[in-house]
Amino acid sequence: MPTPDLVSVVIATRNRPELVRKAIASVIAQDYAGEIEVVLVFDQSEPDLTMASDAPGRTVRVITNTRTPGLAGARNSGIQAAEGPWVAFCDDDDHWRPEKLTRQLAAGQRSSREVHLITCSIEVDFDGTLSVRSAGCDEVTHAQLLRSRMSMLHSSTFLFRRSSLIELGMVDEFVPGSQNEDWDLLLRTARLGPIIHVDEPLVVVLWGTTSFFSRTWDTKVSSLHWMLEHHPELQTDRKGLARVYGQIAFGEASRPDRRESLRYAGRALRKDPLQWRAVVSGAVALRLVSPARVLNTLHKYGRGV
Numbered sequence: 001m002p003t004p005d006l007v008s009v010v011i012a013t014r015n016r017p018e019l020v021r022k023a024i025a026s027v028i029a030q031d032y033a034g035e036i037e038v039v040l041v042f043d044q045s046e047p048d049l050t051m052a053s054d055a056p057g058r059t060v061r062v063i064t065n066t067r068t069p070g071l072a073g074a075r076n077s078g079i080q081a082a083e084g085p086w087v088a089f090c091d092d093d094d095h096w097r098p099e100k101l102t103r104q105l106a107a108g109q110r111s112s113r114e115v116h117l118i119t120c121s122i123e124v125d126f127d128g129t130l131s132v133r134s135a136g137c138d139e140v141t142h143a144q145l146l147r148s149r150m151s152m153l154h155s156s157t158f159l160f161r162r163s164s165l166i167e168l169g170m171v172d173e174f175v176p177g178s179q180n181e182d183w184d185l186l187l188r189t190a191r192l193g194p195i196i197h198v199d200e201p202l203v204v205v206l207w208g209t210t211s212f213f214s215r216t217w218d219t220k221v222s223s224l225h226w227m228l229e230h231h232p233e234l235q236t237d238r239k240g241l242a243r244v245y246g247q248i249a250f251g252e253a254s255r256p257d258r259r260e261s262l263r264y265a266g267r268a269l270r271k272d273p274l275q276w277r278a279v280v281s282g283a284v285a286l287r288l289v290s291p292a293r294v295l296n297t298l299h300k301y302g303r304g305v
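Going by full-length UniProt numbering, the sequence shown opens with residue 1, and the numbers climb by one from there.
Just so you know, not all the hints are guaranteed correct.
[What the hints assert, rightly or not] No more than 35 Å apart at the CA atoms, straight line, and that leaves these computed lysine-lysine pairs for DSBU-like:
hint	residue 1	residue 2
1	Lys271	Lys300
2	Lys271	Lys239
3	Lys239	Lys300
4	Lys271	Lys22
[Stated by the list, open to error] Computed Cβ-Cβ distance ranges for the label pairs, DEER-style:
hint	residue 1	residue 2	range
5	Gln235	Ser53	43 to 51 Å
6	Gln235	Arg258	35 to 43 Å
7	Ser53	Gly304	33 to 41 Å
8	Gly57	Val132	24 to 32 Å
9	Gln80	Arg258	39 to 47 Å
10	Ser151	Leu274	50 to 58 Å
11	Leu274	Gln235	13 to 21 Å
12	Ala52	Val279	29 to 37 Å
13	Leu6	Pro98	12 to 20 Å
14	Arg255	Pro85	41 to 49 Å
Since the hints were derived computationally from the structure, they do not count as laboratory data.
Ideal Cβ placement from N, Cα and C applies to all residues, glycine included.
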């Protein structure tokens, strides 16, 4: 039998020593028969060289972000340093189920298509409340990603063929605030062909106060405008565009900018009268409910705006 491919796992980290150790441990504990190297990238923080390891078949290399400061630059530093033909991402506050890589690579081998990216579903952990987010399919198309961000396709589920990732230009480092860069990368990848998906919750994603990005409204709004500018095909799906307008409306209401929020809520409802984000955004803009209460309620069910 052929030797299983080396898999490089890029973990970008910043000031989360306890959480990142759990993430690394979950990668090291994979039941995958091949070798795994963890490329641990310290971003805007001092590297902890004690985390390096030369254990046979499960090495950990510690490097620093040599590119644009932030998550995107850190991931790209890791991609460039990776030695395997497969590159996976794992956020430093998430962790994998032991069978993740085995299940994903098996799905890739079964596919008759050229494989660029393999994803899986997730289990969201919000302050101890667990919710499974599944896609209900084994392939994800570009059209599906125009309609929905499909949040179960979380970056911690990504397993890329490295050559495809390089061909795509890696992670865009100029998306405002390193937000929505995952959706951007999914859309660019799906242009090459459908994304292979394992519809099992093989990654546990931690939501809550540990996130650097969960409630940074200025960059959330600007990154959505960036997406509309750089992916004009988003304008072709009325329901998908209404969703984006609804998200902008919620972000504007949370900043707060009542006028802009109501304007985008109206645009969302004109595209899709059933777009719930527009209604919720109106309630936030009119101060009938706080954005924190809306998000906390949604997060309990593994969902976001």
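Unsatisfied constraints (hint numbers, rising): 4, 6, 10 and 12
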